[in-house]
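S.K.: These are the residues of each chain, in order.
2 protein chains.
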Amino acid sequence: MRRTRWLPGTVLVFLTCGLSAMAGEGGGSELGERMTQLVLQLAAILVAARLGAHVCRRYLHIPDVLGELGAGILIGPHLLGPYLGLFESVSGTGFPVSVELYGIATVASILLLYLAGLETDIGMFLRYSVTGTLVGVGGVLVSFVLGDVVAVWTGLSSGYAAPPALFLGAISTATSVGITARVLSQRGKLDSPEGVTILAGAVVDDVLGIVVLAVVVGMCRLSGHAGEVHWGHIAGIAGKAIGFWAICTGLGILLAKRISKVLEMFGSRQAMATVSFGLALLLAGLAEKANLAMIIGAYIMGLSLSRVDAAHELRHRLQPVCDTLVGVFFAVMGMMVNLGEMRSVLLIGLLYTAVGMGAKIVGCGLPALLTRFRPLGALRIGVGMLPRGEVTLLMAGVGLAGGFIGQDVFGVAVMMTLLSTLLAPLAMIKLFDERSGVRGTDEDREGTTNRSTSLALPNAEVAEFLLQSVCRMFAQEDCYVHQLGRDEDLYQVRKDDLIISVQREGSKVSLTCGEDDYEFARLILLEALANLITVVVESGLGVKPAAGEQVGGEGGDLRFQITVIP
Amino acid sequence: MRRTRWLPGTVLVFLTCGLSAMAGEGGGSELGERMTQLVLQLAAILVAARLGAHVCRRYLHIPDVLGELGAGILIGPHLLGPYLGLFESVSGTGFPVSVELYGIATVASILLLYLAGLETDIGMFLRYSVTGTLVGVGGVLVSFVLGDVVAVWTGLSSGYAAPPALFLGAISTATSVGITARVLSQRGKLDSPEGVTILAGAVVDDVLGIVVLAVVVGMCRLSGHAGEVHWGHIAGIAGKAIGFWAICTGLGILLAKRISKVLEMFGSRQAMATVSFGLALLLAGLAEKANLAMIIGAYIMGLSLSRVDAAHELRHRLQPVCDTLVGVFFAVMGMMVNLGEMRSVLLIGLLYTAVGMGAKIVGCGLPALLTRFRPLGALRIGVGMLPRGEVTLLMAGVGLAGGFIGQDVFGVAVMMTLLSTLLAPLAMIKLFDERSGVRGTDEDREGTTNRSTSLALPNAEVAEFLLQSVCRMFAQEDCYVHQLGRDEDLYQVRKDDLIISVQREGSKVSLTCGEDDYEFARLILLEALANLITVVVESGLGVKPAAGEQVGGEGGDLRFQITVIP
Chain A
1 MRRTRWLPGT VLVFLTCGLS AMAGEGGGSE LGERMTQLVL QLAAILVAAR
51 LGAHVCRRYL HIPDVLGELG AGILIGPHLL GPYLGLFESV SGTGFPVSVE
101 LYGIATVASI LLLYLAGLET DIGMFLRYSV TGTLVGVGGV LVSFVLGDVV
151 AVWTGLSSGY AAPPALFLGA ISTATSVGIT ARVLSQRGKL DSPEGVTILA
201 GAVVDDVLGI VVLAVVVGMC RLSGHAGEVH WGHIAGIAGK AIGFWAICTG
251 LGILLAKRIS KVLEMFGSRQ AMATVSFGLA LLLAGLAEKA NLAMIIGAYI
301 MGLSLSRVDA AHELRHRLQP VCDTLVGVFF AVMGMMVNLG EMRSVLLIGL
351 LYTAVGMGAK IVGCGLPALL TRFRPLGALR IGVGMLPRGE VTLLMAGVGL
401 AGGFIGQDVF GVAVMMTLLS TLLAPLAMIK LFDERSGVRG TDEDREGTTN
451 RSTSLALPNA EVAEFLLQSV CRMFAQEDCY VHQLGRDEDL YQVRKDDLII
501 SVQREGSKVS LTCGEDDYEF ARLILLEALA NLITVVVESG LGVKPAAGEQ
551 VGGEGGDLRF QITVIP
Chain B
1001 MRRTRWLPGT VLVFLTCGLS AMAGEGGGSE LGERMTQLVL QLAAILVAAR
1051 LGAHVCRRYL HIPDVLGELG AGILIGPHLL GPYLGLFESV SGTGFPVSVE
1101 LYGIATVASI LLLYLAGLET DIGMFLRYSV TGTLVGVGGV LVSFVLGDVV
1151 AVWTGLSSGY AAPPALFLGA ISTATSVGIT ARVLSQRGKL DSPEGVTILA
1201 GAVVDDVLGI VVLAVVVGMC RLSGHAGEVH WGHIAGIAGK AIGFWAICTG
1251 LGILLAKRIS KVLEMFGSRQ AMATVSFGLA LLLAGLAEKA NLAMIIGAYI
1301 MGLSLSRVDA AHELRHRLQP VCDTLVGVFF AVMGMMVNLG EMRSVLLIGL
1351 LYTAVGMGAK IVGCGLPALL TRFRPLGALR IGVGMLPRGE VTLLMAGVGL
1401 AGGFIGQDVF GVAVMMTLLS TLLAPLAMIK LFDERSGVRG TDEDREGTTN
1451 RSTSLALPNA EVAEFLLQSV CRMFAQEDCY VHQLGRDEDL YQVRKDDLII
1501 SVQREGSKVS LTCGEDDYEF ARLILLEALA NLITVVVESG LGVKPAAGEQ
1551 VGGEGGDLRF QITVIP
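Taken in order, these protein sequences are the chains called A and B. Sequential numbering of the first sequence, starting at 1, is according to our numbering. Sequential numbering of the second sequence, starting at 1001, is according to our numbering.
Simulated from the structure, these hints should not be mistaken for laboratory data. We put the CB at the ideal spot given by N, CA and C, even for glycine. Heads up, none of these hints are tricks.
Far from chain A by the CB rule (all over 12 Å, computed), these chain B residues:
no., residue
1, 1119
2, 1129
3, 1235
4, 1249
5, 1250
6, 1254
7, 1369
8, 1374
9, 1423
10, 1430
DSSO-like cross-link-like pairs, simulated, lysine-lysine; straight-line CA separation at most 30 Å:
no., chain 1, residue 1, chain 2, residue 2
11, B, 1289, B, 1261
12, B, 1495, B, 1508
13, B, 1508, A, 257
14, B, 1257, A, 508
15, A, 261, A, 495
16, B, 1257, B, 1240
17, A, 257, A, 495
18, B, 1261, B, 1495
19, A, 257, A, 240
20, B, 1261, A, 508
21, B, 1508, A, 508
22, B, 1289, B, 1257
23, A, 257, A, 289
24, B, 1495, B, 1257
25, B, 1508, A, 261
Starting from the given sequences, assemble the full structure and let the hints guide the process.
M.R.: Structure representation (structure tokens):
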């Protein structure tokens, strides 16, 4: 059964790649030729990346991004590409993909980071989790230092402040907790103290990772692409990079309301979203010119607009654009991987991965242990922070495109992403399942039982719509709404001590929270529901206004009836 | 008041362009430099195009596309571009924009035509409107012939079968009824016999226009880019182009169910949409290789999938992608316009526009007059078919990019788009308003009164969602659902004699139809409503199951009550 389900998709990919390749032969005007090639390459990438993502999600239970990456490696110029005749190293540039394909990938990566920023309301978050902040900071610091050190010891970098070492340090910092969230959610542990701390830590981690990248890129730029920065200069350079970052973010937050006003002038919400994306591209370009990376500018624009009322709407409109195009970015990243060159850095990659994993366990576990967690809880947190994902690849892409790192270092980064994402869930399952009775803290809170409310909607579309309304309403109540991984319809809502998980599975929406938060969760849900079902018939509809006539409604253990009132 | 509302947007554009331009100076790695330039150009384009579209829609009441085009002309390399330092003719290629920017524009145009195809279920449509079909065919034939002839007479083309003449013929065929639909809808004339015929004719027009383009591109390709095709060969070439078209469309429709099955394998609807877009890109590339244009392949893929159940879902997912990116295409088309060169073809352009307008009035009016319309009705139909829009620009872009036409012919096409879109509504208002009492046909049908049902939903999001549900349900009932213009939330639903208009304004959804169709419209609306409000509370929610407890609902002239039943 399984194999027959695989088959059509695989056939589709081969057919797409094959047909694209066959079509790739032949002549025409140069521009037309390049456009045709681009369109055929995009066709192959979109289909292959989605199939890879599907296989990873459905059969291997690992994040989409690994499938997209794998598809890129497979059909890219270093593996099947030359045989397909579709992807070949572009002569002259030494770059494995054409500038027009790379352009689309770049735009997709900017959109991805813009959306990530839009979601990250850091100011609101820091208030609520001291342990999470410490865990995030600890993980970033230890990962960066150890990543940098390993690069020098293994000979990948000539010095501690040389670009490859700095990038291997930065790349090691970025945690991607999508898969952690899924494992926790399946075990009902999302709002356990460990779960909450991991998710809080991951947000801090994201922001710090971007700051680290800003500093690293700034240092590499100023030092020339191969040289060494003297340690004496570093404070100054770091200061400048952080300064630019802080000024832009500060200005952005100050101007957010004004920007939002101007956006609203454009009338339709689609226009607002498009213009806001234009602004993100603008700040991305400016950041690049200011010797930072483009994705940093995009992230700052997102961060700035994350507190305006329209933020949820902007995300909602741009998410489908990102979902459609971002696979191109990760597949192109895969195309950068030269498996042949990887053999020489295989051992180094394994060492780097092992150290990177140890760094997170120590860097995140220690602050947890020192605050309120038992050793088991601290270990769980450290392991939960292991997986690397999208941001790691983005950073490595910045390094490669900027000429700061070579394909060897890039390959090492990909290896780390792959291995950490594969191994972390296994370790987590062991730590959570085998000792599920053992608590991670000494506190009482863990004893409280969770209450869950689930609504069965008529179909998945309505469920998705309600989920979005609920999230928007929580956001309007000044809650921090955190989507857990880009592939999941799973959110965590936080405000002070309040923790609520919101999830959609098929046509079902469920909210889970502690007894104390139940009333609030119920209120929001009822309000969202009322927004759906409060319909005013202004004219016509032809219903005779007879009292008691029923229009719809039927039940499970509770029933709603919609009654027409005269 | 008005001016102060303009101001912030204009300032935003200048700021974006200015900052982008300032940032445009400086060095870096070549690839990085090109990416930064691309990102800054995109930023300027997105903001300027949206502002242009907004001004056109809100203040000038003309379609978005003219604003996007105008923004492109304004900030492009032929006007302000060199002063801004952001857009300059790319040296060497003689092409006014970079290959990476043109790549994004190309992908956007493919998506636009794919979505247009997805919406056009021609088989279902032809059954219901003989007059509409005749009107469409007549308009296309007369426009093509006269466009071709004018090109030769004015000296723009060396012969009737030379590429410029063929393209000026093809370009003249494509009607864009978005603005017509808006004018009719404002006057409640969408389902008048004239309105119905115009909209039917426009669908036929779209399909035929694409076939004509296929034939023209095939002829131009085979004749070499400048030469003349002997009339003897034309039948063969046209046969081949139409044959490819027919075979692809036939195969597509035959395989549609199978393709849809494979798409469904990908699980999430977003994945389905992405993969289907990949297939559209594939067929676009193949079409180009088969000596047709890419947009033809994309349209055929859309047409093929238009009858599968998922078609509505695919459109719904990809529409935001198109809305975000398509402005880039039209702005880039604007950048191709060289106002300096336009001066020399100004008179020719006016003549071509006048002939093109006359061609539609005669070509569409005559079949109307010969079937069931009075002279006034026939004139109304002819005028309603005047406006040219997106497809005209797409075709002109194909000609320019393929090297078949020069900037002079391209400029003439843009002039025609602009003038016909500006003049048609004025003429329509005159014909419909001043003689609004006068009917266009002798038939009874016109006498039937329309009934309108409107629902006030709690907010615009819910209204939009309900509108989508209603359209999906009509489609499932084998109705043909036709979105009138890409900027409007206005649909016409047709099946046999059934004609229903569906419209959203703010948080209000209204359906309008004749007395006979009322029951069916009401059924669909109630079903969509029930889908929204039939919610099963599976557990929790904390509502005490007491009979008669009200959760929500309140009224206008009718009230709904939602009652919890024990």
